[in-house]
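Same order as they appear, the protein sequences are chains A and B. Counting in this note's numbering, the first sequence runs from 1 upward without gaps. Counting in this note's numbering, the second sequence runs from 1001 upward without gaps.
Keep in mind that the hints were calculated from the coordinates and are not lab data. There's no promise every hint is true.
Claimed, not checked - Simulated pairs of lysine to aspartate or glutamate, DMTMM-like, Cα-Cα distance not exceeding 20 Å:
1) B:Lys1440 x B:Glu1320
2) B:Lys1538 x A:Asp77
3) A:Lys139 x A:Glu149
4) A:Lys447 x B:Asp1214
5) B:Lys1180 x B:Asp1135
6) A:Lys432 x B:Asp1214
7) A:Lys449 x B:Asp1214
8) B:Lys1359 x B:Glu1275
9) B:Lys1578 x B:Glu1556
10) A:Lys399 x B:Glu1047
11) B:Lys1551 x B:Glu1439
12) B:Lys1572 x A:Glu366
13) B:Lys1359 x B:Glu1338
14) A:Lys432 x B:Glu1338
15) A:Lys221 x B:Asp1214
16) A:Lys217 x B:Glu1122
17) A:Lys432 x B:Asp1135
18) B:Lys1563 x A:Glu56
To be verified - Computed footprint of chain B on chain A, listed as stretches where at least three residues anywhere in the stretch have a Cβ under 8 Å from a Cβ of chain B:
19) 254-263
20) 327-341
C-beta: ideal position from N, C-alpha, C; glycine also.
These are the residues of each chain, in order.
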Amino acid sequence: MAAARKHKRVAVSQPGFLSLKSSTDTSELNIGRKKRVNKNKKKNWNKFSDIQDVEEFLDDVRLQERATGGLIADKSDDSLFFLDIGESKKKESLPTGGEEEDKKKRKNKRPLKVDLILQANSHIPAPKDILAHQQPNAKKLRRKQEQAEQLAAKGVVPRRERLLELRRAAFAAGTPVREKTVPNNNPERAYYDLWGDQPAETADGFYLEQTKKKPVKRPEKLNERPSELPAIEVIAPGGSYNPDFFSHQELLREAHEVEVKKLKAEERLERQLAVNRQELATEETTFKEQIQGLLDEEEQDEGVADEMAGDEEDTGMVSSSQQEKKTERQRKKEKADKLKEQQRRTEREVTSKRQQLFQLRSIQLELKKREQRTRLRQSRRKALQLAQKTQPRRLGRLKFQNPDLDVQLSDELAGSLRRLKPEGSVLKDRFKSFQKRNMIEPRERAKFKRKYKLKYVEKRAFKAIT
Amino acid sequence: MGGLQKKKYESGSATNYITRNKARKKLQLSLADFRRLCILKGIYPHEPKHKKKVNKGSTAPRTFYLLKDIRFLLHEPIVGRFREYKVFVRKLRKAYGKAEWTGVQRLRDNKPSYKLDHIVKERYPTFIDAVRDVDDALAMCFLFSTFARTGKCHVQTIQLCRRLTVEWMNYIITSRALRKVFLSIKGIYYQAEVLGQTVTWLVPYQFAHDHPTDVDYRVMATFTELYTTIMGFVNYRLYQTLNLTYPPKLDIKSEAGLKAEHEEGYAMDSESYMEKLSALSASLARVVNTAEEEEAEADHFPAEGEDVADLEAREKEQKEQDAQKRLFEGLKFYLNREVPRESLAFVIRCFGGQVSWDKSLCIGGTYEVTDETITHHIVDRPSIDKQYINRYYIQPQWVYDSINGKVKLPVEDYFLGVNLPPHLSPFVEEKEGDYVPPEKLKLMALQRGEQPGEEDEDDEEDEEEEEEDDDDEEEEEMDEEEAEEESNLKKIEHQRGQGKVPSVKVTPGKVKHEDRKRTEQEEQAEEKRLAIMMMKKKEKYLYDKIMFGKKRKVREANKLTAKRKAHDDATKTDKKQKKAKKTQ
Chain A
1 MAAARKHKRV AVSQPGFLSL KSSTDTSELN IGRKKRVNKN KKKNWNKFSD IQDVEEFLDD
61 VRLQERATGG LIADKSDDSL FFLDIGESKK KESLPTGGEE EDKKKRKNKR PLKVDLILQA
121 NSHIPAPKDI LAHQQPNAKK LRRKQEQAEQ LAAKGVVPRR ERLLELRRAA FAAGTPVREK
181 TVPNNNPERA YYDLWGDQPA ETADGFYLEQ TKKKPVKRPE KLNERPSELP AIEVIAPGGS
241 YNPDFFSHQE LLREAHEVEV KKLKAEERLE RQLAVNRQEL ATEETTFKEQ IQGLLDEEEQ
301 DEGVADEMAG DEEDTGMVSS SQQEKKTERQ RKKEKADKLK EQQRRTEREV TSKRQQLFQL
361 RSIQLELKKR EQRTRLRQSR RKALQLAQKT QPRRLGRLKF QNPDLDVQLS DELAGSLRRL
421 KPEGSVLKDR FKSFQKRNMI EPRERAKFKR KYKLKYVEKR AFKAIT
Chain B
1001 MGGLQKKKYE SGSATNYITR NKARKKLQLS LADFRRLCIL KGIYPHEPKH KKKVNKGSTA
1061 PRTFYLLKDI RFLLHEPIVG RFREYKVFVR KLRKAYGKAE WTGVQRLRDN KPSYKLDHIV
1121 KERYPTFIDA VRDVDDALAM CFLFSTFART GKCHVQTIQL CRRLTVEWMN YIITSRALRK
1181 VFLSIKGIYY QAEVLGQTVT WLVPYQFAHD HPTDVDYRVM ATFTELYTTI MGFVNYRLYQ
1241 TLNLTYPPKL DIKSEAGLKA EHEEGYAMDS ESYMEKLSAL SASLARVVNT AEEEEAEADH
1301 FPAEGEDVAD LEAREKEQKE QDAQKRLFEG LKFYLNREVP RESLAFVIRC FGGQVSWDKS
1361 LCIGGTYEVT DETITHHIVD RPSIDKQYIN RYYIQPQWVY DSINGKVKLP VEDYFLGVNL
1421 PPHLSPFVEE KEGDYVPPEK LKLMALQRGE QPGEEDEDDE EDEEEEEEDD DDEEEEEMDE
1481 EEAEEESNLK KIEHQRGQGK VPSVKVTPGK VKHEDRKRTE QEEQAEEKRL AIMMMKKKEK
1541 YLYDKIMFGK KRKVREANKL TAKRKAHDDA TKTDKKQKKA KKTQ
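Model the full structure from these sequences, guided by the hints.
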């Protein structure tokens, strides 16, 4: 291999280098043709430049350092070689009696196999763990500490401690530090003078606007009431707990009229939905329907054919007349007629204008009439608009429905306040009033919808009974 | 010609409106939250003039809002609170699901809440605006304060409403602002004049409600939330105007009076204080102790464009009002246990009367039944066992009718077991030519200071006839007569008290005076006739028409009165027949 060859070269280039591994020179075995590669690209440099010899050399260096603690070449001969002079005679001189004890001692002294395995066998000490000694942001922290010390010397307490101190003081005083917002329906909530004199805004308008501290102006239109109806509509005098006879009758009549109207609407609906007897199929008509198209086919066909023919003729006539061209004479005549007509009209206009001078009175009258009419219309429209303002509007899917009139019949009326039975619900009245005044849209209660069908199963216990 | 083709629905009304769903999405709120926000901010849906245009060609019924309103809503800080609340609910649900009870507790402690103060300020820039709109708030507060604590709404809301209504009633009492009361089958309507604004409110009767199913409680609760805030601030300001301490405190004197009666161990101190306040029987403490009823006579100057007659009319009205305010002054009422205590106590105190009740009925009664100085004992039962001689036993309607009539009505119509005269609505204002029920006519005569005897003549005659008819019932009749005599005496006394001398002597100069009047009238009539003669044809036509309309109205009214008379006669004969039957 070329790499091996190079290795050798590198090793040789180092004066006095001894390689540890015995290099098996197999390089000569496969010397093939050199592959030609363009070296004008960095990628190719990396890919095809042969650096194995360098790497092997370096590996060898590392190995030597690991194994012996330095390059073998640098070692002194004494450390590498020793003189073999056979076994020492010390062992023999030792007394035989304590042989076993000795063994034991040695066994005790010998480190455990596990420890041996785990022992570092490299002669190079492990690199120092720098991170273990380093502190992140040490510099910054040091500076901070210095600053704090300086401030402390001046007598300035850091914010955290200050707040802590405050909290402690507040606790001692028995007042909560941060005031919790009380829910709106807290019965003990405190009120204050909302419309009192506010301290005048000293901050810059632009600043307030940018920091969203300035309240947005309420559109003027929002201050209009959605309806002109009063908030509380007092019940009619007939609704008194002890009413005057006639006002009570009046109220009853009103309620009655409402009821009648409802009934009429219902009846009308029923009438419209009812099956019309005359339109029902009789035996005769069903039979006719069944045999339709079976009898006198030919006659009908003929009739249809005749009609078709007539149509065609008509269309032919129209087309022929349209195609005919006007003659020059006709054209001229038409033009002259037109001119004449125009002249006549202008003349007439002129004369009528002249005549109008004598009709001044009648014209004035007419003008007056017209003005009056417009005034009338205006007033009517205004009245209508005013009436519209008190009307409930259509605000959603449902129309507003007037609540039932609260009425007590003559025999339900209590003679005294003690025996009075209140009629209707004030809650409902308020709710309907909101709807009537267009403050909320009329809605109906959401219908209960089951997600799945109910399944009826007879339980065993139930079965046992039945 | 040329230019770009205009696209449909890119200008005009289609761009001025926004559907509810789109608005909701723009604000990133759920429907419930959106609805709540709209109610709080006073933004109501609109009905566009051209629905099809606004709806981009579709005719489906939708709820529309003005786009500008929704844009305005975008700036509302409460929207953020709503979102926070949503997150809070989610967290809470999660904590519950995981059964982390400490977490639940912690979340509960930090429950987000919001304030409506800035909204109230924004919607009502001045105090008087808020007073003008306080009707709704009052009605809702009174309604919610009567709810049972059954979980239909928060108990705290009910308590708050109760507190606010008590504060309001105390204010009305102290300022003597009440004008009209109407007992209807639905509830009690009150009308007061607060800082020149007429405020009407409806108080339901104190019975258990059956909760209607077709009412959206959430919407109502939202309205109440806003209204309680408004009410609180209004109350604060009103108390300030009268120099009263807020939150209201009882006067030291009256509190001491109450304490003597107060049994130990009735309730917790704070609760019993609230109840004492709500008893309405004691006056409130003032910030600066001023002498009571120190009213300086205000100088009246005619405003520009106001003639003397107007001024006089106004002064007269003022005088009338003052008289009405002192209607029950010096009277001592005692309420039996079956009458509506709160309403009566409120009403009586509003007109300067003193009121008390049995101590088992409610805390805060100031004197006992045995008190000799009680003038009126209000009872609502057919008879009572032990009667004191120096007081009237009357039915509660007397109090209300007197207030509406602005005079102390004769008591004999309202004695125990007597068939009551109808309770007329004070909210009806009859125009000229309308039908006026005879009871009202009587009342009006009383108001003018006339003796009702003239109109009662026929009644008395009837009674005489009755006497002739049934001699057997002399005992009862005698009683009635005695009562009548008493009442007549009382009336004369009353008149004397008012400073009027009953006219006994005939003055000769009166005839002349009448003559001058008559000549004046004749002159006026002549002038009118001449004016009619001088009218143009068109004006004449119009005048005739108007007169015809008036006459028609009068005719109708006459018809109704005739009917009424017939009805009354019929009932009378019925009664007689019944009596006759009884005697048989």
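Does the alpha-carbon distance linking Lys1538 (chain B) and Asp77 (chain A) stay inside the 20 Å limit? Violated: Lys1538 (chain B) and Asp77 (chain A) sit about 151 Å apart, past 20 Å.
Does the alpha-carbon distance linking Lys432 (chain A) and Asp1214 (chain B) stay inside the 20 Å limit? holds, 10 Å
Run the distance test for Lys1180 (chain B) versus Asp1135 (chain B): straight-line Cα separation, threshold 20 Å. OK: Lys1180 (chain B) and Asp1135 (chain B) at ~15 Å, within 20 Å.
Under the criterion that the straight-line Cα-Cα distance not exceed 20 Å, is the pair Lys217 (chain A), Glu1122 (chain B) satisfied? Since the Cα atoms of Lys217 (chain A) and Glu1122 (chain B) sit roughly 9 Å apart, the hinted pair holds (cutoff 20 Å).
Just to be careful, I want the Cα atoms of Lys1359 (chain B) and Glu1275 (chain B) compared with a cutoff of 20 Å; is the pair within it? It holds: about 13 Å lies between the C-alpha atoms, which stays within 20 Å.
Are Lys221 (chain A) and Asp1214 (chain B) close enough, with their CA atoms no more than 20 Å apart? The given pair, whose Cα atoms are some 31 Å apart, is violated under the 20 Å limit.
Straight-line alpha-carbon gap Lys399 (chain A) to Glu1047 (chain B), limit 20 Å: Roughly 12 Å separates the two Cα atoms, so the pair holds.
Check whether the Cα positions of Lys139 (chain A) and Glu149 (chain A) lie no farther apart than 20 Å. The hint holds at about 15 Å.
Straight-line Cα separation of Lys449 (chain A) and Asp1214 (chain B) no greater than 20 Å? Given pair Lys449 (chain A), Asp1214 (chain B) holds - Cα atoms ~17 Å apart, limit 20 Å.
So if I understand the rule, the pair passes when the alpha-carbon distance is 20 Å or less; does Lys1359 (chain B) with Glu1338 (chain B) pass? holds, 13 Å
Between Lys432 (chain A) and Glu1338 (chain B), is the straight-line Cα distance small enough, at 20 Å or below? violated, 32 Å
For the region 254-263 of chain A, does the count of residues with a C-beta closer than 8 Å to a C-beta of chain B reach 3? violated (count 0)
Violation of the numbered hints given earlier is confined to hints 2, 9, 11, 12, 14, 15, 18, 19, 20; the remaining hints are satisfied by the structure.
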